Amino acid sequence: MSGNEKKAKKEKKKIIPKKNPMPEQDPKVRRHNFEEVPYGYTPELAQKEAERCIMCKKPLCIDGCPVNIDIPGFIKMIAEGDYVGAARKIKEENCLPAICGRVCPQETQCEIVCTLAKKFEPVAIGRLERFAADYERDNNLIELPKKLPPNGRKIAVVGSGPAGLTVAGDLIVLGYEVTIYEAFHKPGGVLMYGIPEFRLPKKIVEEEVDYLKKLGVTLEFNQVIGKSITVDELLKDMGYNAVFIGVGAGLPSFLGIPGEELGGVYSANEYLTRSNLMKAFLFPEYDTPIVRGRTVCVVGGGNVAMDAARTALRLGAENVYIVYRRSRTELPAREEEIHHAEEEGIIFKLLTNPVEMYGDERGMVKRIKCQEMELGEPDESGRRRPVPKEGCYFTIDTDLVIIAIGGQANPLLTKSMQGLELNKWGNIVADENGRTSAERVWAGGDIVTGSATVIEAMGAGKKAAADIHKYLSDKEKQESVSWKVSN
Amino acid sequence: MTRIIEKRELVKDIHEMVLAAPLIAAKAQPGHFVLVMPEEKGERIPLTIADYDRDNGTITLIFMVVGTTTMKLSRLNASENLYALVGPLGHPSEIEDHGTVAMVAGGIGTAPIYPIARSLRERGNRVISIQGARREDLLFWTEQLASVSDEHIITTDDGSFGRKGLVSEPLKEILENDKEKRIGCVYAIGPAIMMKFCSLTTKPFGVKTITSLNSVMVDGTGMCGGCRVNVGGKTLFTCVDGPEFDGHLVDWDLLMDRQKIYLKEEKCSLDRYMEEVGGK
Ligand SMILES: Cc1cc2nc3c(=O)[nH]c(=O)nc-3n(C[C@H](O)[C@H](O)[C@H](O)COP(=O)(O)OP(=O)(O)OC[C@H]3O[C@@H](n4cnc5c(N)ncnc54)[C@H](O)[C@@H]3O)c2cc1C
Ligand SMILES: Cc1cc2nc3c(=O)[nH]c(=O)nc-3n(C[C@H](O)[C@H](O)[C@H](O)COP(=O)(O)OP(=O)(O)OC[C@H]3O[C@@H](n4cnc5c(N)ncnc54)[C@H](O)[C@@H]3O)c2cc1C
Ligand code: SF4
Ligand code: SF4
Ligand code: FES
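Residue numbers (my numbering), protein chains in the order written: chain A, 257 to 743; chain B, 77 to 356.
Restricting the straight-line Cα-Cα distance to at most 25 angstroms, the calculated cross-link-like pairs of lysine-lysine (DSS-like) are: (1) A:K492 - A:K726; (2) A:K275 - A:K374; (3) A:K671 - B:K103; (4) B:K88 - B:K240; (5) A:K458 - B:K117; (6) B:K117 - A:K442; (7) A:K470 - A:K458; (8) B:K343 - A:K535; (9) A:K314 - A:K374; (10) B:K336 - A:K622; (11) B:K340 - A:K622; (12) A:K535 - A:K458; (13) B:K83 - B:K117; (14) A:K622 - B:K343; (15) B:K117 - A:K535; (16) A:K470 - A:K459; (17) A:K375 - A:K275; (18) B:K103 - A:K442; (19) B:K310 - A:K622; (20) B:K336 - B:K88; (21) B:K336 - A:K535; (22) A:K680 - B:K310; (23) A:K469 - A:K535; (24) A:K535 - B:K340; (25) A:K469 - B:K117; (26) A:K410 - B:K103; (27) A:K270 - A:K313; (28) B:K103 - A:K492; (29) B:K310 - A:K625; (30) A:K402 - A:K469; (31) B:K117 - A:K459; (32) B:K310 - A:K671; (33) B:K272 - B:K310.
Hints listed in this document are in silico derivations from the structure and should not be mistaken for laboratory results.
Keep in mind it's a predicted model, so treat the numbers as computed, not measured.
Okay, chain A solo, but in the shape it has when bound (with noise of 0.2 angstroms):
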């Protein structure tokens, strides 16, 4: 046995079976506000949790990390208490860590491979990404990194979500001129309107978007692109070297049930946008209204259904049901929301579809029927494929029907662009490094990949600037040999 492993061995008598727990608000008290859930780690909790890592040799949690963020190394230095250090190592991977270590499904991503996982609980390492970002920033301590000089090139990015907030961080330091396009009026994509305040304050986006401002990243709001500028005016007219699209999934799905089209029947999309984006939960302060249900169908199990049903609960409803049609095991939410919203006291309907809804007199929903459901053979997601139970219908009286079920590509953009290949879904096709069909055109992010994560989205904006940098600096070069030889 060398010293290392025995070493190795010793500490992993030490081990702590279990995470340090993050302090967060009472679920009775936080059910009736918008503040985060979560307070955060404290210093010393940070650091009782970095002593849990071992310390791999082979650290399983860099691939488990859509962008190999450097695990160990960033955890060594919080149990040193070098919290700066380690936001900035987390950096060298990541532009976005206090979003990142906060909405992040860890649990299926670094955290599901951590060596302590096999017996134990895996090390929190959301948890502590998020804390090491928080320190860098609560205490004024970002620091902005070394741009290379103006290479004389420009770079327009569209959409400003995780994707395009990447690819623009990437590109700006290594000496372009990036400018983002935007279709709202502020930056962030999901991050702003879809994600609500309480799990992701939008003065942390907004500092962070702020920090790319300040590299020297230009944000021109309120244009669509394929409308108020297409994307073939960009590279002709407007002069850029490439255009990346990130510009969301965005085309929300409805049941395509009777009764849909009334009142208070909302997409998850227009009922989160009109929250968070618009600030309809500040009415009348704010002048965006939103229906306020007493009693509050939220139809679907994913993340965005666990938002919908929480924020309806802070803008006082009574009762809010999750109305999902497989059982909670299929769930697709993360665990922790689905965790958060039971904590909160939302009721979840399990085994049950929506047929049909029901309105008064002035058209705003009153009832929805709905029919229980078995679970049949497993379908081709390998999920159980739920069937309606004949004849067993039941009605909930409601005023309020979010429907949460997903969504497509919005063909917005694309329709407006000859030569760019689609899949049958309506998703640009891009390849490993966002390459589309079109010339000089990446794309990246959830209109590539279809309803994904935030990281997801940030690793496809890393590998569409690292290309396109490789692909303008190889064009450059040729230019200039073919210039040589000609001359």
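Here the structure of chain A is known, so what remains is to put chain B with the ligands in place on it, guided by the hints.
The following block gives chain B with the ligands in isolation, referenced to the frame of chain A:
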């Protein structure tokens, strides 16, 4: 931020606003609309591009004060700024050869009808306009509309100017007298109820009738589904599939119900705003 170049009240509660928006002016076509936010805490509302000047890089909006957002807009003046302006959105009007077209404008509908009538006439169509208002003092842009019409009929509800009655009445007569079937298309733009009745009027004559729907919107890009309407039994989004639809296929009662979803909140919001700014 978008700069207001000109702003004036045309008639009581109807305002004209000229905005510096070169990118939008360069692309604007009849039928397009924009989304406007007067200030950061404001709401996003759609307004039709009533005119555009590509050389000067300006667009013209005409709006009627009906609630908080339009009230806030009405209180802004030249050289002040709008917080946000997005566009041009929606499909432009299809400018085709119809022979003769009847352009029916109810109230504020004169604003969106005008550029469409102009383009249809430039295309070689004979244009008959029917412009209606509640009273004489609410009529605006009569000369503009007349200048792009071969025939221009004005109605007022109370008979204070032109014909007494509703716009659907002369429309019906014109169709009845059109024995040669010269009228290939009718445009009807105005309040939902007026568009509904114009569509009912033209239906027995089998004349294609195009209406521009004014549903409640948020993003205007097909992302939220809040502007959904039912046309010919199908659910469509006004902002990206419209705003113009075949009036014979629109479920008008549904549109009108959906326009009233926020009635209570809108009143609360306006009362609060008026209190804040100290009455009128
Ligand atoms: C409610 C909700 C909760 C979620 N929770 C989580 C979570 O907890 N963890 C997680 O990892 N993921 C979560 N996701 C998924 C995650 O947010 C997305 O996968 C991610 O944001 C995709 O990033 P993106 O950059 O591709 O696009 P988006 O974030 O969708 O951003 C696209 C941007 O492009 C803009 N845009 C669109 N069209 C145009 C145009 N034509 N011109 C200019 N701009 C345009 C949009 O306005 C938007 O700002 C959630 C999603 C939702 C909806
Ligand atoms: C494509 C389109 C083009 C339009 N063009 C014009 C125009 O050129 N001139 C004009 O005066 N009006 C136009 N409208 C109507 C205009 O958008 C509404 O009058 C305006 O939104 C009212 O806002 P408010 O806050 O002043 O009134 P509120 O008190 O909020 O509402 C009054 C009524 O306006 C409607 N409304 C409210 N909020 C919205 C919203 N976000 N989107 C759409 N409708 C809403 C509702 O039916 C409501 O009952 C258009 C609407 C559409 C959809
Ligand atoms: S970015 Fe996400 S997956 Fe990567 S280490 Fe952080 S929490 Fe884990
Ligand atoms: S796998 Fe787990 S224990 Fe090992 S280095 Fe990574 S975080 Fe630490
Ligand atoms: S306004 Fe949101 S989809 Fe039309």
